[in-house]
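> Each chain, written out:
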Amino acid sequence: MADVISYREAVAEGIAREMRRDSTVVCLGEDIGAAEGVFKTTVGLFKEFGPQRIWDTPISEQAIVGAAMGAAMTGMRPVAEIMFSDFLACCWDYLANEIPKARYMTGGQVTVPLVIRTANGGGLGFGAQHSQAVENWALTVPGLKIAAPSTPADVIGLMASAIRSDDPVVFFEHKALLAGSGARPPDDHVVELGKATVAREGTDITVVGLASTVPVALKAAEQLAGEAISVEVIDLRCLVPLDMRTVLSSVERTSHLLVVEENPYQGGWGGTVVSVVADEGFEMLDAPIKRVAGACVPLPFADALEAEVIPTVDKVTEAVRRLSAY
Amino acid sequence: MTKGRGAGGESAPEFVQLLTPDGERIDKVTGADGVEYTVDFTDDEYRGLYRDLVVVRKLDAEATALQRQGELGIWASLLGQEAAQVGSGRALRQQDMAFPTYREHGVLYCRGIDPIMPLSLFRGVDHGAWDPNQFRFNMYTIVIGAQTLHATGYAMGITKDGKVGNDDGEAVIAYFGDGASAQGDVNEAFIWASVFNAPIVFFCQNNQYAISEPIEKQTRVPLYQRASGFGFPGVRVDGNDVLASYAVTRAALDHARHGQGPTLIEAYTYRMGAHTTTDDPTRYRMAGEVESWQARDPIARVRAFIAKQQIAGDDFFTEVDELARRESLALRERVLAMPDPDPLTIFEHVYPHGSPLIDSQRQGFAEYMDSFEGSSH
Chain A
-8 MADVISYREA
2 VAEGIAREMR
12 RDSTVVCLGE
22 DIGAAEGVFK
32 TTVGLFKEFG
42 PQRIWDTPIS
52 EQAIVGAAMG
62 AAMTGMRPVA
72 EIMFSDFLAC
82 CWDYLANEIP
92 KARYMTGGQV
102 TVPLVIRTAN
112 GGGLGFGAQH
122 SQAVENWALT
132 VPGLKIAAPS
142 TPADVIGLMA
152 SAIRSDDPVV
162 FFEHKALLAG
172 SGARPPDDHV
182 VELGKATVAR
192 EGTDITVVGL
202 ASTVPVALKA
212 AEQLAGEAIS
222 VEVIDLRCLV
232 PLDMRTVLSS
242 VERTSHLLVV
252 EENPYQGGWG
262 GTVVSVVADE
272 GFEMLDAPIK
282 RVAGACVPLP
292 FADALEAEVI
302 PTVDKVTEAV
312 RRLSAY
Chain B
72 MTKGRGAGGE
82 SAPEFVQLLT
92 PDGERIDKVT
102 GADGVEYTVD
112 FTDDEYRGLY
122 RDLVVVRKLD
132 AEATALQRQG
142 ELGIWASLLG
152 QEAAQVGSGR
162 ALRQQDMAFP
172 TYREHGVLYC
182 RGIDPIMPLS
192 LFRGVDHGAW
202 DPNQFRFNMY
212 TIVIGAQTLH
222 ATGYAMGITK
232 DGKVGNDDGE
242 AVIAYFGDGA
252 SAQGDVNEAF
262 IWASVFNAPI
272 VFFCQNNQYA
282 ISEPIEKQTR
292 VPLYQRASGF
302 GFPGVRVDGN
312 DVLASYAVTR
322 AALDHARHGQ
332 GPTLIEAYTY
342 RMGAHTTTDD
352 PTRYRMAGEV
362 ESWQARDPIA
372 RVRAFIAKQQ
382 IAGDDFFTEV
392 DELARRESLA
402 LRERVLAMPD
412 PDPLTIFEHV
422 YPHGSPLIDS
432 QRQGFAEYMD
442 SFEGSSH
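In order, the protein sequence lines correspond to chains A and B. All residue numbers for the first sequence refer to our numbering, where the first residue is -8 and numbers rise by one. All residue numbers for the second sequence refer to our numbering, where the first residue is 72 and numbers rise by one.
Be aware that one or more of the hints could be misleading.
[Unchecked claim] Label-pair distances were calculated between CB atoms; the ranges are:
1) B:Ile187 <-> A:Gly171: 20 to 28 Å
2) A:Asp294 <-> B:Met357: 34 to 42 Å
3) A:Asp179 <-> B:Pro410: 50 to 58 Å
4) A:Thr15 <-> B:Gln165: 57 to 65 Å
5) A:Val181 <-> B:Asn204: 54 to 62 Å
6) B:Gln165 <-> A:Lys210: 50 to 58 Å
7) A:Thr15 <-> B:Tyr439: 49 to 57 Å
8) B:Tyr439 <-> A:Thr188: 25 to 33 Å
9) B:Asp430 <-> A:Ala219: 46 to 54 Å
Just so you know, these hints were derived from the structure itself, not from any lab. Remember, predicted model here, so these are calculated numbers, not experimental data. Virtual Cβ for every residue (Gly too), placed ideally from N, Cα, C.
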């Protein structure tokens, strides 16, 4: 059906829309051309835009991201793909030291408008080095923006904003969401970076999620509705800018906060959300703030064990029930 | 000397070959590095190499089948690369240390490791669980090229330990592919190995593809020629020739163990199958290319040689096929019988002496598991 699109297709569609609109947009990465992406997230791009604008590269993460920076300095808007987000570690110098500091260190004279797209997260049983949710890595680096959509429409809308942004944006595409589908957004669909959305309205407890944990929270909310617990689910959509206004306004009504994040508890992005609520919303709270996060261990390869490490619907419902007892 | 398929579509420079695709033995050959290569095997040794090649291919086929049947999460087949792996694997001496990628099932077999081990990894039961020190074979490394630096550091370490510089010295071999040659780490490993004169052999299996990217997209010069820019010798060998792969690796390892520094070997071969079971090579390469490599099969030429030289008769080939069949069947049965890991094991081995945070998470998880009726925890 034309009005439904998969998350996977939405990635290519979001890029294609911007490439049609702006001839300075180019893509580079491994296997993105003829093979159309190992996750099939670049299907059709090579056919439509050709090798002038879709660059198949050697497997050199540092070169992919470093060259994207250089290309951006010439006025292009490169969209670089790092196949697995775990491999951001392979190009960390460019991502942490070079790209986010270019404008600052040149006194605003050099801007590097680029997007680094990457397949992120667990749930598919890819083991310790191919399954991590690493949005929190990028969160530690001032100068980067971070988008992590949970729906196909947001993939397209945030991709538009990310590519048009003059700031470097790390764009996390969640592997466990790729096969899912949703409404195809209209042609001019743009979602502003740093605007959370209320994915489900509720009155008793605020549950904040990002990417894969949004559908987890929504399923939990559905179950809990049967137990007369009304859960409001907020999809942050971006970590930088971080839309705390939407979170605080929800907590003001529910007085309870649960954060659901896929990365390990230790150093996870939820810690930042929670600290802002503790600081600015303390008087609104009727209960301690809780986080459902990954265990502080590498991801196991075994499917059954991976589910024990990352957030699941059961873990969220359990945490909500405990909170609602306050 | 034979011409092969070269980078940039040009004809490839000559490589070291001791056994032609037709099974003709070449007595000796001088490589681009000026070294004269030959082998001197007994009939028993020739039969042993053939047996290794056949068994390794059969086990690999079984693993591919297991993945297709949903019993493994993923499998990176070595099909087509058996000679490069068995030749180099058998050239290793007991004291030598190998650093593999995730495709070195043939080398693993030669190191005497139970072939079930990589299957427990790819079944998602563990992350690979052999003892690298016992078998002198490090864990499979999944992140491309990273092992070349591990290997270089290891080689520098054994030099400091005084284990290098004589006939019985130690040497290190780092396996990687043509794709990894584009990684920064690999180039840094070349520089370090060179300036520290590390006792290491960089064994590059150029199987012509980095997933979908052909060699033409990865290099403009034959890969072995890169070594000269880093200051050590490079040699290209017919990676589908087990004898030449053995001879070249043996010489490079001996060079290293005597304290004479690194060598880059480019084993020129072809990945007959997919990169892994997750991709479909028909999307990015032509059937005719695959067929031309089938004519250079690494096993057929050894069989032809053995038959022509009357080193063994039909009984031997039948017996080897039967052995391979038995080993692959046993492998299948053992894979299917693997127990699922205990959920509480996820908290093990993160830190050697535990950590308060993980201990508390383990405790909480155990209580959570106990909350289910009939829990055995």
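> Indicate, hint by hint, whether the structure satisfies it.
To see whether the hints hold, each was checked on the structure:
1. B:Ile187 <-> A:Gly171: 20 to 28 Å: violated, 36 Å
2. A:Asp294 <-> B:Met357: 34 to 42 Å: holds, 36 Å
3. A:Asp179 <-> B:Pro410: 50 to 58 Å: The hinted range 50 to 58 Å holds for Asp179 (chain A) and Pro410 (chain B), with Cβ atoms some 55 Å apart.
4. A:Thr15 <-> B:Gln165: 57 to 65 Å: holds, 59 Å
5. A:Val181 <-> B:Asn204: 54 to 62 Å: holds, 56 Å
6. B:Gln165 <-> A:Lys210: 50 to 58 Å: holds, 55 Å
7. A:Thr15 <-> B:Tyr439: 49 to 57 Å: holds, 52 Å
8. B:Tyr439 <-> A:Thr188: 25 to 33 Å: At 31 Å between Cβs, range holds.
9. B:Asp430 <-> A:Ala219: 46 to 54 Å: violated, 37 Å
The structure does not agree with the numbered hints 1, 9 stated previously, though it agrees with the rest.
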